[in-house]
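A.B. asks: Sequence:
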Amino acid sequence: MSPHFKNLVVVTALNLAFALLVTVHVVIVFGLVRRRPWWRGPVSLALLPFAPYWAWRECMRVRASLWVGALVVYVLARLNAQ
Numbered sequence: 708m709s710p711h712f713k714n715l716v717v718v719t720a721l722n723l724a725f726a727l728l729v730t731v732h733v734v735i736v737f738g739l740v741r742r743r744p745w746w747r748g749p750v751s752l753a754l755l756p757f758a759p760y761w762a763w764r765e766c767m768r769v770r771a772s773l774w775v776g777a778l779v780v781y782v783l784a785r786l787n788a789q
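Residue numbers for the sequence shown, in our numbering: 708 to 789.
The reader is advised that the hints may include incorrect statements.
[Stated by the list, open to error] What follows is a list of derived Cβ distance ranges for each label pair: (1) Q789 / W746: 35 to 43 Å; (2) V750 / F725: 19 to 27 Å; (3) R741 / Q789: 36 to 44 Å.
Think of the hints as simulated: they come from the structure by calculation, not from any bench. C-beta atoms are modelled at their ideal positions from N, C-alpha and C, and glycine is treated no differently.
Could you build all of it, start to finish, from the sequences and the hints given here?
C.D. replies: See below:
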């Protein structure tokens, strides 16, 4: 595999994983605001790890799994980029 192709794959993975992570995080925050207690939404916006935890507890398991999966892909791509 050529180094240019590898760089392209890593940069693409970084961008897509980050975009998915931010999008799912915002969707989780809005989902938490609509449930009781509503204050978990703004708290999870500021304290990132609470978002997938509370999403999982509120039966938003697909969202929580997407959040964790996107984070794993992002971290692996960042480690590969160095």
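A.B. asks: Is 35 to 43 Å a correct range for the gap between the Cβ atoms of Q789 and W746?
C.D. replies: Holds, at about 38 Å.
A.B. asks: Can you let me know if the beta-carbon spacing of R741 and Q789 is within 36 to 44 Å?
C.D. replies: Roughly 40 Å apart at Cβ, these two residues keep to the hinted range, so it holds.
A.B. asks: May I ask you to test the hint 19 to 27 Å on the CB atoms belonging to V750 and F725?
C.D. replies: With Cβ atoms ~22 Å apart, the hint holds.
Violation of the numbered hints given earlier is absent; every hint is satisfied by the structure.
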